[in-house]
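Residue numbers (my numbering), protein chains in the order written: chain V, 508 to 654; chain H, 217 to 531; chain D, 441 to 656; chain P, 88 to 620.
These are computed hints drawn from the structure, not numbers from a lab.
Watch out, some of these pointers could steer you wrong.
Said to hold, decoys possible - Over the 12 angstroms line for every Cβ pair with chain D, so calculated as not near, a few chain V residues:
id	residue
1	V604
2	V616
3	Y617
Claimed, not checked - Which stretches of chain H does chain P cover? Using the computed rule of at least three CB atoms under 8 angstroms from a CB of chain P, they are:
id	segment
4	436-443
5	450-456
6	469-479
7	514-523
Said to hold, decoys possible - With a cut-off of at most 20 angstroms between alpha-carbon atoms, the simulated PhoX-like pairs for lysine-lysine come out as follows:
id	chain 1	residue 1	chain 2	residue 2
8	H	K268	P	K429
9	H	K268	P	K619
10	V	K635	H	K268
11	H	K512	V	K632
Heads up, the beta-carbon is just placed ideally off N, CA and C, and yes, glycines get one too.
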Amino acid sequence: MENLPGHTYDIKVLVRVYVALLVLAGGMVVVSLAPLENIAGLDWIDLHVLKGLVIFGLATIMVSIVSGFLMGLRYEKSKLNTVVFLGNFAFLALFIVFTWADIGFRGLVYPSFEEQLNWESPVDKANKAHAGESEEAEEADPETPAH
Amino acid sequence: METTKTFWLPEQASTFADAVDWAFGLYFWISLFFFALIIGLITYFVLRYARKRPEQMASGQMIHNTMLELSWTIIPLLIVMGLFFIGMRGYWHMRVAPSDAVTIDVVGRKWSWSFDYTQGFSNDTLVVPVHQPVRLRVTSTDVLHSFFIPAFRAKADVIPGRYHSLWFEATRTGVFPVLCTQYCGTNHSFMLSAVKVLEREEYDEWLKGAAEAAGGGGMTPAEFGATVYTKRGCNACHSPDGKPGIGPTWQGLWGKSRPLTNGSSVLADEAYIRQSILEPPTQVVAGFQPIMPPYKGIISDREIEAVIAYIQTLK
Amino acid sequence: MAEVTVPKEHEVAHHFDDLEQEFESHRLGMWLFIASEIMMFGALLVGGLLLLYKFPAAFAEGRAHLDWRLGTLNTFFLLTSGLTMALAAWHAQRSEQDKVRRNLLLSLAFATGFLIVKYFEYSAKFHHGLLPGNAFSGHGFTDPNAHVFFGFYFVATGLHVLHVLIGMGLMVWCLFVSRKVKFTRAYYTPVEQSGLYWALIDLVWIFLFPLLYLVA
Amino acid sequence: MSAHAENINYFKASKGFMSWLVTVDHKRIGLMYLASILLFFITGGVYAGLFRLELWGPLPGFISPDTYNHLFTMHGVIMVFLVVVPGIPGALGNFLLPLQLGAKDLAFPKLNITSLYLYWIGAVIALFSLTQGRADSGWTFYAPYSLSQNPAVLWMLVAAFILGFSSILTGLNFIVTIHKMRAPGMTWFRMPLFVWALYATGIMQVFATPVLGITLLLLLMENFFRIGIFDPALGGDPLLMQHFFWFYSHPAVYIIVVPAFGVVSELIATFSRKDIFGYKFIAFSSVAITIIGFLVWGHHMFVSGQSEVADTIFSFLTFFTAVPSAIKVFNWTTTLYQGSIKLTTPMLYALQFLFNFTIGGLTGIVLGILSVDIHLHDTYFVVSHFHYVAMGSTMIAFIGGIYYWWPKMTGRMFNETWGRLAAVLVFLGFNLTFFAQLIMGSQGSPRRYYNYLTEFQIYHQISTAGIVVLALGLFMALFNLLISLKNGAIAPQNPWGARTLEWTHAETPPVLYNFTETPVVTQGPYEYPTEKV
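In isolation and in its complexed conformation, chain V is listed as follows (with noise of 0.2 angstroms):
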């Protein structure tokens, strides 16, 4: 019985636990509600894009915080609950990877095809029908010959 799992840790370390979920959630909005224009010598990446490395990387800490303690792999002796999670984030980082090679790189041999063709989008539809509120009747869509 010695070896189930979830014994071994103290009530003190659910509270550590719990605590340092918080900072690290805290640390998230902070991350994402800090103006940009404050980091200096950050000018060789999108900042958009490093806040959203920071953020991703903040709550990659939390899952692996929340997996090893709140859901116990850390105390088993058997390593084989941890494999299949880490099997999911790999599965999924291949889902996405390939499908990324797909998205990410349509357009690389005629990269003037990519327009999108004239489609009504609904967001269009419903500026539309407020500007129309005030002006009466909805006037239709110029006619946009293909090529």
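Since the structure of chain V is already known, use the hints to place chains H, D and P on it.
Leaving out everything else, chains H, D and P in the frame of chain V:
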């Protein structure tokens, strides 16, 4: 017409058909070798080691042989890597059109093709000159289709909302079928067209004539409307002679009151027909599905007028 | 329920050899189930990230209509209920049925808090017409794809809320079981499993929260 | 329950219709899966037969294009989601996994019956969709065609969603059972290869199927609320849907075929009285296929308009699946060397499998060659390749497995002569049907075509003639089994002289908790003695 059709592959009529067929042929012989090897061994073993007495046991228990196992891991690996490079080279060649290619726009819709030439007219068959790289820029107005010319070994999915492309260079004159290979509904298998490869001079002449005809030159509006009827693929769903189809027939349509699915009815006048062509779902005739693709931005005003004139003649 | 039944010891199911085999099997089973749930949510989040990549402007505009304060409050609720669920499991190992029940009730309370905040968020969106696709009637948006953000928002948070409701159902079930079965160091599976499931809900939120509320 | 009751055969342990519906016994659940799957196999086959008859002659045929589209959609959905995906794991896996491991039951018996019920609910919903219109999206549900709000398609999406859950729960149950419930002495490398195959399948079921779930959910949301993720009319990307779909459906092809690898390994070992050549290579190649299977989904999208970079990467990775498949085929072939080979009915199916799978695998490699695939994509060549794998390999191995374990399941022996005759008919019928399709496919005949160019008529007629022979063989095989239930000889404990636990240690039919006493394993699954010279 001479033909290069073989047992496995259709006739060849484009520059890269030969490379594709070569890769196919190479692989065919490789696979035939392995197939014969495996089936031959199995047959031999089954006959040679057949059980003759019920209690007979195996005559040996070879369960492991590193050399054998490594060889049939590594040899297939080397072969498939070779195949990968052959396929990749051929593929990039098929994807990247030469810079002197002429562009023709292809629009797929349920269930017809139209080919829009830069000269400002469109046609229901693809007419191209021989020995001239042609780049097709394809798009769809409704669902996925796929543009396939077996003789050219050329294929590309036709995607609504964006462009996709393919190119080819025809190596000989003739007429070759064009097929839709991505399932697109009721008449998916009737979504056929043809590519007509002409000599350069013939092509130039055709181009001139077609451009003139597209303007309705020398035709009455009703005659022009009749050509639009087939060129724009109206004939896929609407019959001119009262035959039932996917859409309502055009015979006797003009000036009648049309019952709509929403319970109201509307007079079939010019405004109604124009609206039905540009934005079909707004006025669907009772008893029919709202499946017609909108022609807004595709069809010109003159063509609409011609179609209206044509419908007026169908009494 | 005036009559309180005395909790009984758990019996090992017929096809297991002992408690340890049973416990380990249940835990691995739950982990595999969580793995499949993570793949489901993960695929959705991958879709979300790809949408973010494709329509950065739409996401920036859409995000401006979400209140990060409410999101943060909800993060707090979920993390706290995660703590109380872990505490419930901790007490269950020590057969402290009363404390188990108290922590389960606390978790339920925080989960309810999460739902209440979600209710206010949703009703604000409905009020402003920030709805998916053709139902979209918000105005002042410049990016034509802004509606995609709300489509994704409602699918992702909706699926998450559904899981929160299932998780709350599990807590109620644990409360019910705690009256019938005595939890021990070797057997506290219902609380353990529900806790794992609830942690999954936390995990999903930890990624969903920045994706929707924080990253632009 | 008394000690006595545990030691009587599982048919007699409890009686009545209800005792089957509420059972948690994996053997009964396996049999109920078997009956359901065979029923849907016949249903899906009837759909196939109908549209093949239509394709016999020139137009107009006896059905409309819409009906044709409906028929092939139903054939696809039923065969994929209700037959081949749950097939071998649901029926044979459920019955055999605990027996082969020396366990009393699966780790979660109640979950097991739950997944059977989910299967039934999914099946009922799929049938219910027939009353809601005609589903015509094809089994791939490609957007935007599937976004037409056709209620029958919507119900079909719901059905597939629920069936996905059933599949996940089965896979989960198998993995836990294999990890935690092995008998004393049953080390990983003493497990029969069928168990290894189920393990690899379980990994795919647990990790890939949820992605199908979210895909179908998003499609439903898109249909109802127009969320704009997949629908190009709302700014969405129809190719993203294909990525989602194939991330599941490519591994699903391996969910379909890997259990068949396991079955065939058992059959070949038993009927040649040989230890499997390269046991570890076969075991690990199953796992390798699983992993690689997750990386190659994009080869279904070479002409779809995905980026050229992705096409190249996916083509490169696709070729790696050829290697473990080749290893397996060569290993099975070598296993026959020096064996004591008996051509019983199950062995005939195993050899057919080798024949068909070799063709299925080789035609798969040519589809991975990028330039050639552009020509072959979406033609009958692909249809034929897929059927060589899903029908010619998986269903053939499944039928062989049913014949092999039939005495253990029912306690009756089948008629060997009729069984062999049926096996030969199935072989001829199948190859007639699908080899003709290989030829017309490479000639450029697109799939899902109601109307075809007249030059292909001869191939369609060969194909239709083939399906008649195939149907004849399949029904003969089925009736042979059913008749044996009444007239068959009582089966001995180990009629084939096999070495795995279900034959050596379990009675025929097995007792309620499988073994009268827990077996202790001391040797591998295929350790046959050698003939003394």
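Here is what the structure says about each hint:
1. A cut-off of 12 angstroms between C-beta atoms contradicts the statement that V604 of chain V is not in contact with chain D; the least separation is 10 angstroms.
2. In this structure V616 of chain V is separated from chain D by more than 12 angstroms, as the shortest Cβ-Cβ distance comes to about 19 angstroms.
3. For Y617 of chain V, the non-interface assignment is confirmed: its Cβ lies about 18 angstroms from the closest Cβ of chain D, beyond the 12 angstroms cut-off.
4. Under a criterion of three residues with beta carbons nearer than 8 angstroms to beta carbons of chain P, the stated coverage of the segment 436-443 of chain H fails, only 0 such residues being counted.
5. Residues of the segment 450-456 of chain H with a Cβ under 8 angstroms from some Cβ of chain P number 0, which does not satisfy the need for three, so the listed coverage is violated.
6. Coverage of the segment 469-479 of chain H by chain P is violated. Counting CB-CB distances below 8 angstroms, 0 residues qualify, and the rule asks for three or more.
7. Taking a C-beta to C-beta cut-off of 8 angstroms, the segment 514-523 of chain H contributes 0 residues in contact with chain P, too few for the three needed, and the coverage statement is violated.
8. Distance hint between K268 of chain H and K429 of chain P is fulfilled; the C-alpha atoms sit about 8 angstroms from each other, no more than 20 angstroms.
9. Distance restraint check for K268 of chain H and K619 of chain P: the Cα-Cα separation of roughly 15 angstroms lies within the 20 angstroms cut-off, and the hinted pair is therefore satisfied.
10. Pair hint K635 of chain V plus K268 of chain H does not hold up; C-alpha atoms about 86 angstroms apart against a cutoff of 20 angstroms.
11. Between K512 of chain H and K632 of chain V the alpha-carbon distance is near 16 angstroms, which keeps this suggested pair within the 20 angstroms criterion.
This entry does not satisfy hints 1, 4, 5, 6, 7 and 10, going by the numbered hints stated previously.
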